[in-house]
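Peer 1: Next come the chains, spelled out residue by residue.
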Amino acid sequence: MTKTIDKNFSMPKCFNERSKPSLYCPGCGQSIFLKHLGFIIDDLEIQGKTTLGIDIGCSLLAWNFFNFDIVQTHHGRSVPVAVGYKLSNKRRIVMSIMGDGGGYAIGLQSLLHAAFRNNPISVFVLNNTGYSMTGGQMAPTSIPGEITTTSPSGKDPKNSGKAFHGPELIKQISDNSAYIARASVSNPIMLQKMIKKTLENQIKNNSFSFLEVLTPCPTNWKTTASESFNFLSKMEKEFPIGEMTKNEK
Amino acid sequence: MEKLSYITGNEAAVLGAIEGDAESFFGYPITPATEILEGWIRKAEENKNLNYLQTEDEIAAGFAVIGALLAGKKAFTATAGIGHVLMQDPISMAENERLPFVGIIAQRGGPSTGTVIYSQQELNLASYGGNGDGLRIVYSASSVSEVYYLSQKVFSIAWKYRFPTFLLTDGYLAKQRVNTKLEKYLKPFPSSKILREMKDKPTHLRNCYGSEIEFANILKRNIADYKSLINKVAESESYKASDSKYLIIAHGSVASAAKDSVDILRNSNVKAGLLRPITIRPLDSRNIRRLALKAEKVFIIESAFEQFARMIIFKVPEIANKTVKIYKPAEGFTPDEIASLVNEKI
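Chains as they are written, first to last, in my numbering: chain A, 1 to 249; chain B, 1001 to 1346.
Don't take every hint at face value.
Which bits of chain B does chain A cover? Going by a derived footprint, with three or more residues having C-beta under 8 angstroms, they are [said to hold, decoys possible]:
no.	stretch
1	1065–1072
2	1085–1095
3	1159–1166
4	1218–1231
Rather than coming from a laboratory, the hints here were simulated on the basis of the structure.
Built from N, CA and C at the ideal position, the CB exists for glycine as well.
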């Protein structure tokens, strides 16, 4: 693991250098996640076997992020595209990346059914408690009391529900062979370990694999670097980090 | 004697799609298109080269079709009514990213349940339903044997020109069981991987752009491509139209009834003829103009309110003053009925 930490100062080999510096805002957790994902794809030597579907929202900024095939879909629709692609091309390692709005609001139906059917794809949902590309609206994952442009007095759980727990929900309906976990960019060692398992479970067990990643959004949170990490710590209390396997014996 | 098969329109769609090298189907049950989903699954159980998924909704069905065709499979869906509305999300993506999406639309009347037989009310949605400029190719079948033929052809047209391509039927056509001639489409166009799996030259597909100008330039190219296919793709059938004084323009099941009404009218010495667009988009404007300008009166007849008539008159505005428009939204026409409607107006 020391080796992987050292690599944080270099770039993954599977990066498309022409797309760098990326379009992500300074301090964005999504670009941090994508860098770790790149390192794991290098480690597993699967660059030539990987296809990525991305959503609308900030994830669309990754449309040419890597040197492998990427298709930008519509909001909440990278999962059904990945499902159709994998069914037609079983040897490819197929990933879907989306935000918490894409995964838990508009695309929840497809996400749940892909998990329910145990479609062998790896899905990453990046949770920053809001809709970022559209300027910081309330998401299902917004924490009670959180101020957003559509909850200016703070999210009221009586009207809008509490904070949405995606992996915990998916665990209820997924197959025993599914991999389900939650990581945070604040802990890169654990994040890399979980990204690796999310990909390996598709490859080795031909099963649905899901990782939620807690990511900061300083632009919409309107936070400094240290405030961003303070809010990320608050998120980690609301959304516990860890693996949620079905076969806990 | 010629070999005929006793099949329904929906069975013809499944058999035609397989003959047209379709490999993948994604769908959600909806009347009157459901038997295409059921029929495909029965075929897929016999033939392991065919795959399918009954998805959670039509949005997922459409996006899964996109996933399959990115992998180079001739993939399609079949839907109707509100399912067709939901399908506009993936179809808009296919329009913008120039993907060879194929859909069979068994039209029904509006959003309600029960009115699932005679409608031609999904013409606008199929032709212009996207949230862009609607660059699509739309066919309308008027017999079960034509459903079979066009169900093969739509795949080749979609993959050759890289525009989403649709085949319209309706509940009457989809569910009727008749002796059917199975004619093969002789110019199949192959599919190929759209995501090419090349490490050094990866494919990056998107419909998000850095500026309106960047997007406008892509649209200009797509519109130019669309215009250049019109003469190659647009087609229509004419029946006793070359010397007709009274020209009926109709499509789909209504055209099938109108063909018989032309014979009824001719038997009573009324010089009627029929022009039936086979492609709704692009319309065969050249043939429509040629025949309609010669006729004394034109009758546009449809099981919808102004949808088809608006398209025809937009393309051939010169005929507006001599055109009688006959609408029966969500209801069918018999040949006798069309003959007497024409007789009343001449």
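Peer 1: Look at each hint and say if it fits the structure.
Peer 2: Taking the hints in turn, this is what the structure says about them:
1. 1065–1072: Result for this restraint: holds, n = 7.
2. 1085–1095: n = 4 at 8 angstroms, threshold three: holds.
3. 1159–1166: violated (count 0)
4. 1218–1231: Check failed, 0 qualifying residues.
In the structure shown, a violation is registered for the earlier hints numbered 3, 4, in ascending order.
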